[in-house]
Structures are given as C-alpha cells and as structure tokens.
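Assemble the complex: chain F is given as a structure, and chain E must be docked to it using the hints.
Protein chains: 2
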Amino acid sequence: MTQTLNLASIYAPVTSGMESVPGIIRDILKTPNRRIEDVVRYFLSRNGKLLRPALVFLGGGLARSLSAGAPVPAEREETAELHLAAATEIFHAATLIHDDIIDSAPIRRGLPSLHVKWGPQTAVLAGDYFHDRAVVTIFRYGNDRIIPLFLKTAGEICEGEMQELGEKNNINLTEEIHFEILRKKTASLLACALQTGALVWGMDEARAEALGRYGNYFGMAFQITDDRLDFTGRENELGKTLGSDLGEGVYTLPVIRCLASADRDKVVRILHARNHGKRFSMLKTLLQKNGALEYALEKAKGFVSRAKAELEGFPESPFKTSLLGLADYVIRRER
Amino acid sequence: MTQTLNLASIYAPVTSGMESVPGIIRDILKTPNRRIEDVVRYFLSRNGKLLRPALVFLGGGLARSLSAGAPVPAEREETAELHLAAATEIFHAATLIHDDIIDSAPIRRGLPSLHVKWGPQTAVLAGDYFHDRAVVTIFRYGNDRIIPLFLKTAGEICEGEMQELGEKNNINLTEEIHFEILRKKTASLLACALQTGALVWGMDEARAEALGRYGNYFGMAFQITDDRLDFTGRENELGKTLGSDLGEGVYTLPVIRCLASADRDKVVRILHARNHGKRFSMLKTLLQKNGALEYALEKAKGFVSRAKAELEGFPESPFKTSLLGLADYVIRRER
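Taken in sequence, the protein lines are chains F and E.
The working numbering puts the first residue of the first sequence at 1, with every later residue one more than the last.
The working numbering puts the first residue of the second sequence at 1001, with every later residue one more than the last.
Chain F with its partners taken away, still in its complex shape (with noise of 0.2 Å):
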C-alpha cells in the first residue's frame, strides 16, 4: 500500500482498548501522596502518542486473529492486556523522566521536563515510582513469557543508556555501535511491548520472534526518524528543543555518516564550535549538503522493509494492516 495512513486509522482496531488505557494508567500511578500526584497529573496532561500500549493491543490482536476458533469470552487476557499496555507506557515513561535528567532535557511533549519543573530530586523520585509501578503491574498480569521479557528489556534500556552516556562526545563512534545502542535503548521496549500483547493471547515462539523482529526494525526506523528531525523538524510540532542531543554530545545517524565522509574536518570543527546555537545552524546546513540526513532517512526506509517483511506469515487481518502502515507512518511523520 503507497497511501500513507495516519496514526487514527492506524489505531482504529483497537479502538476500544486506547480509550481505556489512559484512565487505567491513572488508576496504577493513584497515590495519596500530594507531590507525586501533581507530578503524575502534571506528566499525564500530556499522553503522547500512546505507540507502546497500541503494539500491545496490535499484538494481542494478531494472536486473536491466528486463533479465529478459540472460545470468545475471555475476560481474563483482556483485562491482563489492557493493564500490560498501560504499564509498558509506565515503564517508558519512568526512563523518559530519568532520560530527560540524564541528558539534561528541558522540554518534553511540549512542556518542561519533571526535574525542570519540579527539580531533579522529585524527578529521580518519580521516576522510580512509575518503574515501580510498572513492574508491579508487569508482575501481577505478565505471564512465564512475558515476566522474563520484561526483565531482559529493562536490562537492554538500562545497557542502552549506558552505552550511550559512554560514547558521548566521541568522533569516531562507529555506524554499528550507534545502531546497537539504539536497538538496546528504543527498539526493545516496542518489541517487547508487540509481543507482550501476542503473548498474552498465547502466540506460537517462532510468530512470537517475527513480532520481536518487526518490533526491533520498527523502533530503529524510529528512532532515526526521531534523530532526523531533530536537525529537519520544527520545534513548536515536536515539542522538544531541537539540538538538544547534539548539545549533550550525543551523536546520531547523520552525524555519525558525516563524520564518515570528505566532510569529517569540517564537522569535527563545527562540533568543537562554542556557540551552541550558531553551532548546530552551521551543523544542519552541512548534513543536508553532505547527503547525511538524506542517508539517515533511506537507513529509516531499509528497517522499515525488514520490518515489514516480518509479517509475512501472518494471515491478513486489520491488525496486520496496521502495523504494516504504522511501519510507514513511521518514517513519513512529521513529528
């Protein structure tokens, strides 16, 4: 399909279930204490886009649709899927918040950041109540499949940001590195979110692992697509400072292929630059010359085919469709 579907009709066969997630969401994170709840109403005004509980339901629905002669009522998996889809938007909204510390973040979703707004204590704090949550929720509905995924991906988020801390500031930080960390640091927790919700339904290993490879392809796509328009976008749609992984030292996909080119010389100086505004101008001037970002994006587009191609196998059905124009979606978004 050439047409470009956006994320309503993408999301529109679960509909049901991305009503509910949001008030369930308030239900795990209910506190009686006052400062938090301010904190969780404060980060909650804003939702996002809600791509974590969405795979779960798209998930759930492709192992329903495999499963066509299975008994109908069955309470039980739907309310473990709506709870696991909430608490995977809990658990990646614990790492946006200490994230957002670590990388000195200021604004997020178009607001300033927790440890902005409330200081870093109070943003330390929160985020451990929200991954506490999280876990709690993860434990009391995931099942002997789904437990022990989260916890790897936990791992691999926690690795992912390590990896990244470490590589900050470095020139030759190399195209595979930079993809491991980002597969580690985003792509997992889609992944896992995708085959929380198939695993709920009780899908087969091997689908189960296709559902794991879209996931990983899908947040690569993602994630480039994220770093791209952080030197393509506009701010006010974003609602993120621009540059700002740039100012922290974090290089992404563009960077890293100019690095790689004739252009090396140039870059490094305009990395070494003082002005961090003039800097990151004279930066995005130079990676549309270079190609770099035009590269970034035909990256994007490759993941996005092997994202695709995972859900051959899989018998047509408005799930599918879904997620093979969410894969789309991906790359064709303007924030």
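No lab work stands behind these hints, which were simulated from the structure alone.
None of the hints are false.
Which residues of chain E face chain F? A partial, calculated answer using Cβ under 7 Å:
1. ILE1102
2. LEU1151
3. GLU1161
4. GLY1166
Within a straight-line C-alpha distance of at most 25 Å, the following computed DSS-like cross-link-like pairs (lysine-lysine) qualify:
5. LYS1152/E with LYS152/F
6. LYS30/F with LYS1152/E
7. LYS1320/E with LYS1301/E
8. LYS1168/E with LYS117/F
9. LYS301/F with LYS289/F
10. LYS1284/E with LYS1266/E
11. LYS1117/E with LYS168/F
12. LYS1049/E with LYS1308/E
13. LYS168/F with LYS1030/E
14. LYS1168/E with LYS30/F
By construction, the Cβ of each residue, glycine as well, lies at the ideal position given by its N, Cα and C atoms.
Only chain E this time, still in chain F's reference frame:
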C-alpha cells in the same frame, strides 16, 4: 544477655556466606561499560556493614535450625540464598544512590557521594542499573513467596521516600507519621532481607511473619539510632556529613519530640535561622538539654525489646543468639 557483642561475633555463625557476598555482588554488577564499571568499583570500595546480607543468612540459618532433620545437600537453596543476599545489598545500594541525589547528601561511607563525584546524570543511571541487576537476580533466585515480598517492599520504600519528601520542613510532623516513614523507608527492607533468607528454606508462614515483625522493630531502632547519631556522633567515625537531614528540612525524632515540648518556639526559631552551622550546633545543645535525644534512645530501646520478643518462639541456635545480639548492638553502636 547484657554483654554487647561486636559485629564480627554477631556475624560469626554466617561467616562463610558473608565472605562470599562481595564477590557475588561484583559478579552481578559486572558490566562492559567502563564508566559504570568505575562507578561500581568506587561504590564497592567501601562495603558498609553488609547488614542486609547478614540478615538474609541469619534468617536462612534460623529456618534450617527448625528443620534439623532435613536432607543435608541443598546446593540449590544455598546458591539462591547467596545470590539473594547479594541482590538485597545491591537493591539497598540503588536506593542509597538515588536517595543521596534526592537529599543532596555530599558524603556516603566516608567518600563523596556518587552524584557529587560523577554528576547527577551518572548517579541516576547507576542507581537504575543497580536496581535492575537486583531485580533480575531476585526473579532468578527468588521463589513465589520471596518475589511478591520484594515487590511489596520496593513499593513501600518508594512510598516512604515520597512521604518523607512531602513532609520536609513540616514543623507539625507527628511521631506517628514519622514512624510510618521510617518503617517503609528503612525497616521494610531489613525485614524483607531476614524473611527472604527464611523463605529460601521454606519457613512456615507464622514464624516468617514473626521474623517480619522482628525486622520492622529492629529497623525502627536502627533508623532512630542513625538519626540520633546525627546529633551525637562524630563525623569521621560515621563517614557522612552530620546535620544534613536538618539542612534538607528532614526532621527526625529528636526534633519532632522537641517541637512537641515546651521548647517548641525555641526550636522553630532555630530551624528558621539562616546560618546552617550555627543552627545545627544550637539545635544539638537544645536537644540535649530538652531530653529529646534521651527520648529517642528510649524509643529505640523499646523497639529493640519488641524485636527480641518476636524471637521467643524460636529454639535456641547460634542464629537466634546473633539476632538477639544484633538488636542490642544496633542501639549501642557509635557508627
């Protein structure tokens, strides 16, 4: 027994476990990431008292002493006990690392806190890493009584921290709320450690609950003593900055007691004084004269008695003797 034991003799029945724990901790925290590896080495260079691993082993010893007729080779349980002891200490370390950020504590175990030496970013991530490694280990080696206990405890610690944050600078903080915070923030993990050791060896529920109460009372005495030492101890022996709770607006039992006495107005005036050093020494003098430090000691003694009473149902054993000795030790220690 009136004679006070030192830590070495208290730990004597569990020497072999205690000797193995540091190596297991290092194994669990092994990472290819250079920066985090440095952080781990730095953190482990001062082992602390390893009180939580000791409690795991003492709980395990108590459980084994109850079932003297059980088969001797129990490699699986011994491995589990050892790894859970290490995980409990790592879990504790994770809370300390984040706690020191939250409380802006400059010194821990006689060295600059992680967030001071490595910056808050690395400290946030290191805390997350320690937490993650602990959780993975607990899920690998815990059983279906231990895992829920840890989840509950992790939630309580987080809640306790949040409550403490919310009560900062509250001159109307009641002893009741303060005790609730101490129970959640400190006592719960000590109780959890002791119960974990017991549950590895399948202790019956009633006895395991008695151990939980011992742990809670013991933990209260431990923390009240810690807070009292903040006013009576010597900085170089304690390995931390005195008066830092006060500087952060965290009021501990002696201050709460004094605020509820005829000296209330004096305390309030002192708490609102600008110069921290002067404020701290004025407060010390007042707490001494007012009897508030003595009051805290008496409260701690009360908790010690209640802790020891919980062990009455256990047959004599070296492990029981150590737990009785530990309860006495904790309020007599100077550091």
